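Colleague: Chain residues, written in single-letter form:
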Amino acid sequence: MDAIILQVLNGLDKGSAYALIALGLTLIFGTLGVVNFAHGALFMLGAFCAVTLNVILNTSYETIDPDRTDFLGNPLKVETPYIFDWFGPEVGGAMIEWSVPLAILFAIPIMVVIGLSMERGLIKYFYHRPHADQILVTFGLAIVLQEIVKYFYGANPIPTPAPAGLVGSFDFGVLLGFEPGSIIYPNWRLIYFVFAAVIIGALFAFLRFTTFGMVVRAGMADRETVGLLGINIDKRFTIMFAIAACVAGLAGVMYTPINSPNYHMGMDFLVLSFVVVVVGGMGSLAGAVAAGFLLGVLESFASMAQVVDLFPGINQIIIYLVAIIILLTRPRGLMGRKGVMED
Amino acid sequence: MSEIGKAASRRSVLKGSLAAGAAIAMPTIFTSQAKAAFLNDPGAASTVTLGFNVPQSGPYADEGADELRAYLLAVEHLNGEGDGGMMNTFSSKALKGNGILGKKVEYVTGDTQTKSDAARASAKSMIEKDGAIMITGGSSSGVAVAVQALCQEAGVIFMAGLTHSNDTTGKDKKANGFRHFFNSYMSGAALAPVLKNAYGTDRKAYHLTADYNWGYTTEEAVRTSTESMGWETVEAVKTPLAQTDFSSYITPVLQSDADVLVLNHYGGNMVNSLTNAVQFGLRDRVANGKNFEIIVPLYSRLMAKGAGANVKGIFGSTNWHWSLQDEASKAFVQSFGTKYGFPPSQAAHTCYVQALLYADAVERGGSFNPCSVVEALEGFEFDGMGNGPTLYRAEDHQCFKDVLVVKGKENPSSEFDLLEIVEVTPVAQVTYAPDHPQFAGGQLGTCNPGA
Amino acid sequence: MLGLNSKDQKLFLVVIVVTLLAPFILNPFPENSELAQFNAGYPDLMQRFAIFGIFAIGFNILFGLTGYLSFGHAAFLGVGSYAGVWMLKLLSMNVVPAIIMSVIFAGLFSLLVGFVSLRRSGIYFSILTLAFAQMSFALAYSVLTPITNGETGLQLALDDPRILGVSQIDGSIPPTNFFGLEMRDGFELALGPWVFTLNFGYYLCAVFVLGAFYLSMRIFNSPFGMMLRAIKTNQTRLPYTGMNPKPYTLAAFVISGMYAGLAGGLMVAMDPLAGAERMQWTASGEVVLMTILGGAGTLLGPLLGAGVIKYFENIFSKINDTILYEWFSFMPDGLQDVFVFLIHPFIGKGWHLTLGIMFMLVVIFLPGGVVEGGQRFMRLFKRGDKGSKSSGDAARSASPAE
Amino acid sequence: MGILEISGVNKRFGGLKALDDVNLDIAAGTVHAIIGPNGAGKSTLLNCLVGRLEPDSGSVSFNGHSLLGVKAHQINQFGVSRVFQTPEIFGDLTLLENVMIPAFTKRDGAFKLNAWPSVDGESEVRDQALFYLEEVNLAGKAQVRADEMSRGDKRRLELAMCLIQDPKLLLLDEPTAGMSRADTNDTIDLLKKIGEEFNITKVIIEHDMHVVFSLAKKVSVMAQGTVIVEGAPNEIKGDERVQEAYLGGAHL
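Protein chains in written order, with the numbering used here: chain P, 1 to 343; chain W, 1001 to 1451; chain R, 2001 to 2402; chain S, 3001 to 3252.
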């Protein structure tokens, strides 16, 4: 039983990342009608916002310590971050340690700017182009973005740990009446899940309860009619693109302590998030979230040794297998609308 | 960036012997039968071309970049530039710093992409287009085996880079291929006694294994050697290569009665699985009244860097480490560090050594003919390359040398100082019979000179 | 002649000439010049041009004509490769049975995948094909290792049975051959400073690529091709003209799957190893990119797209800083460094960046792909021509749809 | 005994009863119009005839074949063609190709792997297609892309695509919807001409009374999912129930 609860938690955690990326992806589909293969790259850029902030905070000057030597036997150059001088080593150290949470504030403006410039500078010229062209151009963009990151940060993963105060685990078992220590879960993963829930909730509330959101939703359903009403739907869609970029970016920032970011993490998530979006149903926000969590949980269960022993290799293919089954039984995914991206 | 190649630039000499034929306007047709005694024979040319086939894109690009740095250093040293590095400490004195057999060493580079197909395409273009006489490099066993087979078919020498699977010199061994790097079996054999001392003989191990060839051989090697000293393997689970989040594989470990976790992962898999394992508090866990321990059979400094503080106190094995204090290692670190500003990785080391070993074998054999090189390398005993006395065994073309058991350092003094050497396992302890079951099934075949 | 109209005849003739003379055309620079770096006329790359050309031509029959975007075609190439290597292992080193089996197995597998996937259209179809291919890849890489040899790739061994041939010759695996003609053999032709390699393997590939191209021209011009284009244009009208679209799309799917199998079979005939990576989604994506880059729905586009991408992969990735320094060696030191610094990110390990930029530039400025670029180029010369229809036969329909 | 017999057809969409016990008998060789206000169930009925929808109950039989559960392309193969409210044509193809496609399906059936012979070589189909393009006055545009034409021309093209199949029954779904008066008259003339040259039974669903009275020999009026009146155009004109259905709204 506790094993199952743990796998559900794992699944929800994985699902959070899938859902956040897929949400932005389906939002862009729904509003702009654009297949954005660069969406994974936005997730990656978010993660590298955290890395960049860390680098900025660690910007140092060198002093020579004659008493110690480096690996070549030369006097050791000691690096001291400037912020140690500005804020004192304690505050400075704390800032570096808390760089991932701080990076949220850092990433929001950056991702908004990236999102806006991407939409205005490139995507808007592709609204009425065939989907194949959209795929090619956004795929090209994704390659360019990740190669730029690789140029500056290399190909290896870069460790970006959570603040020491948030490392450690939370004992669920006690809460549910199990033996202490039987169901423990890392704090940061719980934070990630809560964070995802808040973002998803906020986005849904925004779309449901604000006038802006209502117009956008109406536009998703019938762009032309809304356009005829004299509403500048394009401007709103541009903003939605920026929001989607921001959601992907924040998902990336928060993901860094879970797995060290590397330049191709976006591609790793891209295909999966496409599967999630399609399984959820094209153009359905709720579907994307539901599919994200569903696939996350199923993936977790399929990785259990008991399951793998029964069906060898199931952990390798579970997501795709489920996608096939769902698409064959429900033609438009879980909650897809008729006629969206079907021709 | 311009670290690569500046020194070797300014080549104005014409390439290859064909310059001589340039004056003749008459078409010359020659078929492969009519060619020289072996493929890509440099003949009377003043230069010889080596092919450095390393991952330049994909997840192992940084490791590939380090390999390339080492090769360029080796080329410098072979051509008599720089400080000579390990050529000064190498027990064989055949190399004179005037290139190989008096021919200046030139090179071509290619990108393996860590894919068998791409690596073979790249190697083929080096052989067919650039006339490379030897191919070396790579950062995964799949690629090594694939390129090794290609070189065997084509008829050039392959000096493997970083490849750790038993199969490279086991069931997929080839006469034209040579491996200096150690292998899964050696990792297991070297680790077992150290683990016994550190953690005792009564342990229950849980394996997470990357679901591909290298993972299988490593799991088998570590299992066999730990089980023979009394450990019990409670579970061995295979994880997909593409897995990035290992949480769903880690939580069952919490549920099991294991007290040791063995991560048969490399590269990004290793970084992520180790990070996740530590996240789930495995390092602070107490199981069966003992401290829970994690083991990473194959360590790489570059990857340890990706895992950050998570490697602290975790055992593993490695082929070589820059903190070794023998003269050869010191000379290499000095040479590499002066040129590039940071210490070399084990991948850089093995590639540098392979390049030198090849050049030396050509000098000693007196010919670039692959068969002559094979003969010179088979059974070759040498020292002064950073691993102590080493044997290139004739039966399987595997180097036998000491293996390092290392541990993640608790208080690293720099970003390179992540591992500390716990023990140098003597070569006798990691030597196995050529027909050992973990290596059975393959045949070397005969050397192929390609003509 | 050949059942083609005169425009297509001309096009085919040009393709034949270019294909047969490729070893010369692709080696424009003398062997020992600095620009020899850009020569592509060596056997392996020429074979790859032909093989991926076949793959893309086949993909275009599905995507270019029907508009169904498959993201899983690499799986058929992979299945074909595995079948081919098994034939080489079990039967003989003659490539003919290997290629035949490759086509058959890829055809059967595509029939299965197509039958299921074609129950959906649009992006749902794309994801279904992607899912099948990714499952094939993941399984081939791991649990199917006994059949596929997993990560390493399926390769020949000295102790293979080869019941119609020999297992080994003097400790070596015999080379692949076409009734005795060894694939890796050939002639070298030195013409002054130029050296050209005429490789048997390439010419076998060339024969197949010409056949594949010819067949695709026939299909494009046939009633069947017209039906497929009708499917792409309007799915609502179709059933009310008495046509059943499903068998048509399935036939197109299987034909393109067999093309992929042929490409896989040729791949192992040239280089007898089948790696699982060739089934990965990136490999499927590559053929999509080739087709769109060249010009989807055009006859020549896929061939050109395949050529461009493989050229970048194999030539640009091999340029390193040393070579750059050689190019700019005539400059003063400081300037040389600046130039190398500027170009460095785009070559060698940066070849992906160059490829990405090229994708973007082509799709932004040449919506119809390379073929459209060529047409615009031709139009510059033909400005005198009044005919608005001078666009040439290559561009059958310039607007690829999803 | 009519060529098309519809009896007792019911169709529900959730709580809405779209068709309620519809009975219709269409005689061979006539032009039969179905009229009625919006939401009367005309389009639903048409969709039940062509295989797009399946009735919940009742029977539809054409020339002795039951059409229930039969796929759209098979129904077409029986000899039923249709035109759409907005012309559905193959926009990327030339007019000639547009007309050749139904000719091929008529000749070869629902599927034939006709991948070797070139279209140019199929001269009898080609000639036939040119003939029918001529019939609808589009011969001069045979090589034009269909998307580039006016709406009226698209309608003509669609008719040619139907006629080339020599159908026994032609279903026209508001053939003049959205057309100008001139285009409408044009279409009426064309349909009349076709009526004279080819002996095809036609069912016209129409709003426009002008069209109905110009073409139809018999009219059925639908309201609220059922046929309320049937008769010759003149009889219908004065019928109180019809006026009520159109003007008086729902309380019949």
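Treat the hints as calculated values from the structure; they're not laboratory data.
Remember, it's a predicted structure, so these values are computed and weren't measured experimentally.
Keep in mind that a hint or two might mislead.
To be verified - What follows is a set of in silico ranges between Cβ atoms, one per label pair, in the way DEER data are often shown:
1. G177(P) / K1290(W): 47 to 53 Å
2. I2163(R) / G1379(W): 33 to 39 Å
3. P312(P) / S1256(W): 17 to 23 Å
4. G1230(W) / K77(P): 35 to 41 Å
5. P312(P) / R2119(R): 58 to 64 Å
6. K3192(S) / N232(P): 35 to 41 Å
7. M2331(R) / Q1325(W): 30 to 36 Å
8. S117(P) / L2335(R): 22 to 28 Å
9. Q1334(W) / L176(P): 34 to 40 Å
10. N232(P) / F2346(R): 55 to 61 Å
11. K1290(W) / L176(P): 26 to 32 Å
Unchecked claim - EDC-like cross-link-like pairs, simulated, lysine to aspartate or glutamate; straight-line CA separation at most 16 Å:
12. K1171(W) / E2188(R)
13. K77(P) / E1235(W)
14. K1171(W) / D2159(R)
15. K3168(S) / E3124(S)
C-beta: ideal position from N, C-alpha, C; glycine also.
Colleague: Broken hints, numbered, in rising order?
Modeller: 1, 4, 5, 6, 7, 8, 9, 10, 12, 13, 15
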